[in-house]
Amino acid sequence: MLLRRSFRAMGTDVECVLERPDDAVAEHAFDAAEAEFARLEAALSRFRSDSGLSRLNAAGEHTVGRDLLELATAALEARERTGGRFDPTVHEALVAAGYDRSFELLEREFPSSSVALAEPPPERCGGSVRIDRARSHIELGAGTRIDLGGIAKGHAADRVATALAHAGPCLVSAGGDIAVRGAPAAGVWAIAVPTCDGEITIGLSQGGLATSGIDRRHWRSDGEERHHIIDPATGLPAVTDMVRVTAVAASARDAEVLATALLLAGDLETAAAEADAAGTPCVLVSRDGRTRLAGGLS
Amino acid sequence: MTNHVARLYALATSLIVFFAVWLTISAHPWSQSSASSSAASPTTPALIARERQLRAETRRVNLIVNRRFAAYRRALARRNHANAVARAQHAGQLAAARNAAVVASQRVASAPVQSSSVAAPAPVRIVTLPAVASTRTS
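Quick mapping for you: the protein sequence lines, in order, are chains A and B.
FYI, in the numbering used here the residues of the first sequence are 611 to 908.
FYI, in the numbering used here the residues of the second sequence are 722 to 859.
Derived by calculation from the structure, the hints in this document are not laboratory data.
Fair warning: this is a prediction, and the values are worked out from it, not measured in the lab.
The beta carbon of each residue, even a glycine, is placed where N, CA and C say it ideally should be.
Hints may contain errors.
[Unchecked claim] Residues from chain A shown here face chain B by an in silico Cβ test under 7 Å; the list is partial:
| id | residue |
| --- | --- |
| 1 | Ile741 |
| 2 | Leu781 |
| 3 | Gly786 |
| 4 | Trp799 |
| 5 | Ala800 |
| 6 | Ile801 |
| 7 | Val803 |
| 8 | Thr805 |
| 9 | Gly813 |
| 10 | Leu819 |
| 11 | Thr821 |
| 12 | Asp825 |
The shape of chain A in the complex, shown without the other chains (with noise of 0.2 Å):
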């Protein structure tokens, strides 16, 4: 039987599913998973002043957990791989484009949505960050901090369904970012994804899923729509006519890395055949009402 377990952490709806019988093993796995998603929030947050995360940002250099020294270098591996398209280093740029606290505490203060900011300036992205590993110590470079929003709860789903696994076939979604392991009774992970129309079912039995989109976490300065994903090529909330990219990956953290690149494609046909000469399964929709899928997907 399929049991549930749904809770807050970082700033957005966790849900683990856990295919075993209801029975004590299942109960300790969810408080298990419970607690080592706030232990994940704790070291990775930027909105939380006790984080590992907000301790090196604040100093500029620390010695750090082996959560947030994993994730770093996988973001800096990201961001060489995505040619710059994900950036670890946007966090001034969020900041500058009004995303300085989380967006639940946003939407308290400001429930409109409607957000009366300035113009943000451009600012610069693309610093400097290294990584000593046998140290276990990252500095940045002048002016240069880190957010690790969407990669981050990319990580915890994956760590978490790692360890829940071992009770079971499982699937844990924090907010858009899915990960998957073991394949369930009825085969797959059936998953929804929303369209331009509705929905469709994907059905996944390994790896992950993310979703990367300017539809929510969005607010208006001056008229204009402002949102949450940056270009680092310019510092400012992305241009891009496409709502949402969900992409399909070995993990949910690769998955959260290829929906950002895809959505900072510009356009449609380019994330398009991006997908489709990297082989990344994606579902690409459109602000004019388009959906495309890509990469195999079909």
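With chain A held as given, fit chain B onto it using these hints.
Just chain B now, kept in the frame of chain A:
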């Protein structure tokens, strides 16, 4: 007749004496003393020392050559092993690529036919099952 026999004896005796002298002379009974006199030559110890030095150098050179050859053989074995691993990896990648190409072509060729998808399950596909979870912009 008597004289004739005597002459024959005399001839035979002289022949025997002649060959005896010949053998004595050809045996070089004086050469022993000549050899002992040459052993006493002052260059002999120097030559013997030189020979010993050359033999010692030969042993050292052989030692060095053997050591280097052993190191070369070890390096060669390592390289052969690395080549074998690389060849095995390459073969694996080639097989995986061929397999992926076959799966992809099956998927494209038989998109409307559900049974083919089941025979060659892709890691991700559109399904008609009820959704267990849904994704959205994170």
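Against the structure, the hints come out as follows:
no. : hint   : verdict
1   : Ile741 : 25 Å, violated
2   : Leu781 : 6 Å, holds
3   : Gly786 : 4 Å, holds
4   : Trp799 : 6 Å, holds
5   : Ala800 : 4 Å, holds
6   : Ile801 : 5 Å, holds
7   : Val803 : 6 Å, holds
8   : Thr805 : 11 Å, violated
9   : Gly813 : 4 Å, holds
10  : Leu819 : 6 Å, holds
11  : Thr821 : 5 Å, holds
12  : Asp825 : 5 Å, holds
When held up to the earlier numbered hints, the structure conflicts with 1 and 8 and fits the remainder.
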